[in-house]
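Enquirer: Sequences are here, hints too, so could you generate the full structure?
Take a look at the letters that make up each chain.
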Amino acid sequence: MENYLLSLIAFVPLMGAVIVMLFFKKEKTNAIKGFATAVAVVDFLLSIPLWTHFDSSEAGFQFVQKMSWIPSIGVSYFVGVDGISVLLVLLTTITMIVAIASSYTAIVEREKEYYVCLLLMATGMLGTFMAIDIFLFYVFFEITLVPMYFLIGIWGGTRKLYAAIKFFLYTLFGSVLMLLGILALYFANLKYGTGTLTFDLTQLYSVGPNIPIGLQSWIFLAFFIGFAIKVPMFPFHTWLPDAHVEAPTAGSVILAGILLKMGTYGFVRFVLPVLPQASQLFVPFMVLLSIIGIIYGALVAMAQTDVKKLVAYSSVSHLGFVMLGVFALNEQGVLGGQLQMINHGISTGALFLLVGMVYERRHTREISEFGGLSKQVPIYSTIFAITMLSSIGLPGLNGFVGEFLILLGAFKASYIYAAFAVIGIVLGAAYMLWLFQRMFFGTLDNPENQKLTDCNPREIAYMLPMIVLMFWIGLYPRPFLARMEASVAKVVKMVNVAKAPQDTKAAALPKAGNSSEKNF
Amino acid sequence: MSIVIPDISLSIAAPEVGLAILLCIVLIADLFTPLENKAAIGILSFVGVLILGAVAMSQWGEGVRNTFSGFYVADNFSVFVKLVIITTTAISILLSLQYVKVEQINYGEFYGMILFAAFGMLVMASGSDLISIYLGLETMSISSYVLVSFIRHDPLSREAGLKYFLMGAFASGVLLYGIALAYGMTGTTSLTGIAQALSGPKGAAIGADPVMTFALILFVAGFGFKLALVPFHMWLPDAYTGAPTPITAFMSVAVKMATVAAVIRIFFVAFPELAGKWNLLLWLLAVFTMIWGNVAAIAQTNLKRMLAYSSIAHAGYILMGIVATTTIVAGKAVFSAQGISAVLFYLVAYMVTNLGAFGMIIFVCRKDYRGDNIEDWRGVGQAHPLAGMAFIVFFLSLGGLPPTAGFVGKLFLFGTAIQNEYYWLAVIGILSSAVSVYYYFRVVMVMYMEPRGANQPAVEFSLAPSLYVALAVLVLATLYLGLFPGSIIEAAKGSVASLI
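Listed in order, the protein sequences are those of chains A and B. Using the working numbering, you'd call the opening residue of the first sequence number 1 and step up by one each time. Using the working numbering, you'd call the opening residue of the second sequence number 1 and step up by one each time.
Be aware that one or more of the hints could be misleading.
Mimicking DSSO-like on lysine-lysine, the simulated pairs with C-alpha atoms at most 27 Å apart in a straight line are [stated by the list, open to error]:
#1 A:K66 to B:K493
#2 B:K101 to A:K191
#3 A:K493 to A:K375
Output of the computed footprint for chain B on chain A, the stretches with three or more beta carbons under 8 Å from beta carbons of chain B [to be verified]:
#4 29-37
#5 143-156
#6 171-179
#7 340-351
Here are a few chain B residues that face chain A, going by a calculated C-beta distance under 8 Å [said to hold, decoys possible]:
#8 Q104
#9 T192
#10 G193
#11 P403
#12 L431
No lab work stands behind these hints: they were computed from the structure. Bear in mind the structure is a predicted one, so any value in this text is a computation, not a measurement. Quick reminder that beta carbons are idealized off the backbone N, C-alpha and C, glycines included.
Expert: Right under this line is the structure:
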């Protein structure tokens, strides 16, 4: 049973989508909502064993299932999770429930297609995090584009068509170039590695250090463009504000919570271990882009007048942190980056949900329209306050742990990195607190706001798991970190190998003893 | 004087002989079929073509067999190509059955001309001599001219036919001139004979002669016209838009397949010694074709015209595969079997996808309503979810996105380019293919995200069972090839061994 667990988790939403498509009449919206929620809950329940039965001491893949798929080109259906992906899978299954539950009243047209898209989305994302075969990974990675395109394009805001196609093309440009990188890696394995044609990542891990640095750098750049657009790193972030602002609330939650993580996850899963020397070589470049992202994202967020846009730009800043941690290339940094991925998924996802609630009531997201809300909607204000504090990294809440680890890692790499990152944290606190002040304090002078109703039980119910996770990770992060440590240590060890051979002749395996030679 | 009777084995040419017999039967049966029952002729052709497919299949794995004094060769490569052509012909006939009634061109000759064209294509696939390939090409072309202008009462169709005819005739002349020069230089028209002459003692001198280079340029230009490579593509958008839609579908796949087969055979078998020259020419053409095909498609408002430009772009990808197959190691051309099989697989993927895309246009067309403008598809996805999804599958495949045949096809093509270190070609190609998603998904956008206009007639899909069967098969095949391409890849690989 265990072997099929991951496939089951990945494909239950797909089956749900097919059933909705074939057997539900589009007028029966309540039945569709109920069924979609049930599918998401079942999927989450199925994923619980990944938490309880996960062996934290094991660095390699667990719950592995491997089947031959296209043997003539070395493609297998190969799924598994390790410390790097297991929490992302769990985050996905939780976020799906929240996303579906938050859409009951927000989406009032074409519900059937909407829930089908959400469920398809889930399969794509889960598969992306589970795939160990790069071909399979790419298939899932690309499949997520299509339902997201529809989510933005059909149920989005006023400029939805523009935002949808921009999102689609931007990410597609990156991922097709990444496909060339994948192919180059695949054939490099033929020449420098095991000499077999395989997309199996566990086999490709061994070829990386033997690829000459020139080729490795090109492959790195190909992967970089693919993942950096997805993250999105500065200067590839311009699709994100458009997509976020136009997407329906659940779309934004999925986008921020999970889809962006596919980029950062890609760096940790593929780029660092497979292209170690190129990763070392590009550290200054990557760190520079991350720091620009952190500070630029924060400054632009500060200037926004639209709440949702502000949260969108804060994502650029936060994901800059994640990338900074990852490219510190030490255990603390990568671990912090990993944890911050989860944290960002929870807190930014929650912020988008909160923005969605107020938008549903007021049909505006202009900050200037609000003020003094804390008196009118106390529960909403409290939840918003907690979420905001988690986002800026208040000790005791989840954001703190992640940011602290990232800073620790960045400091170990170079104190200059850390110094710049701290500026970002200060700015992050500034724009969030200022936002909170403008929206919730002051006088309640807008008559529209005096009619606002507070969170209803359904809204509290779907916010609750987010709040619980914020406190849990903030106060007792041990279980989360423990699950990631072994795998992160393995990645860090793989990335810190000796210099790559300069030419094809010197394609011999580097000695293990050389691994002490680090860049910093 | 003694007369040498050439050694002719008709059984080796069984698919062509069978098709000739089928043609005669169809033409005679047409005489005795009243106008309202012409669909019977279509069904007769369809069944006959299916039988021919089985005949062609039975030749698989028989080894290389020559006949007609070396003018004709049957090998696995030709069998593979013929199966693609025959399948395309069969599906095109299925797509035509309803369409010809709607457009009031329900004549028996329609199917007869399709079979004539297919006959030419089969000959091209098996031609092992410049003359026999040229004969096949002309048979195919002349039948296509007639087919393109088959809607006699529609000026658009007549214009398309005339344009196609003039450009096609010119291209045939260019090609024939190239053949004449090659014959003049080497003293033979046999493909293997030319290769021997070029690699023989005087080969280097012949290869260096400017006349030989000129002949190569004429070959490239002649086939460039037939494949509509940029800058020889001007005729194609008009011809594809004006032609009856099933004919557009048929030509976009089958003509491409037959011509590509001829190109592969001529360049790889006859001119490997000159690979450095023609490969460079083809490299340039591939780049122009991929870029311009995709860029020009963006501006189109007519769906058929957009697909016409997209078909130009796809010819560019295929050409990229042909270029990338060739590597020159120490002055000698090496062709990778994987590269040719990638091209063949891509053509199979393109067959199911493009027939499907044109099939969707046929699906929506009814009397006095062609439905071939992109605007005509407003809101269709909402009103007809299954049809909308079928179209999405075809567009995903055309754009090269998983999990469809087009994705695996592109993966192989670009894999060949990467493996043989044609990095720039691969980068240009894959970026232009990303551009293509913009115009494919513009149609999806219109179908799902824009409401149907108040003055637009409601969408009604055809109820003809033949269309349902054809489209269902094509959708499933597109997905199947995307998820389980193994068997076709193996077949494609098995078909190229005899070639190189």
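Enquirer: Confirm or reject each hint.
Expert: Cross-check of the supplied hints:
no.: 1; hint: A:K66 to B:K493; in the structure: holds (26 Å)
no.: 2; hint: B:K101 to A:K191; in the structure: violated (58 Å)
no.: 3; hint: A:K493 to A:K375; in the structure: violated (53 Å)
no.: 4; hint: 29-37; in the structure: violated (count 0)
no.: 5; hint: 143-156; in the structure: holds (count 7)
no.: 6; hint: 171-179; in the structure: holds (count 5)
no.: 7; hint: 340-351; in the structure: violated (count 0)
no.: 8; hint: Q104; in the structure: violated (38 Å)
no.: 9; hint: T192; in the structure: violated (30 Å)
no.: 10; hint: G193; in the structure: violated (35 Å)
no.: 11; hint: P403; in the structure: holds (6 Å)
no.: 12; hint: L431; in the structure: holds (7 Å)
The structure fails hints 2, 3, 4, 7, 8, 9 and 10 (numbered hints given earlier, in ascending order).
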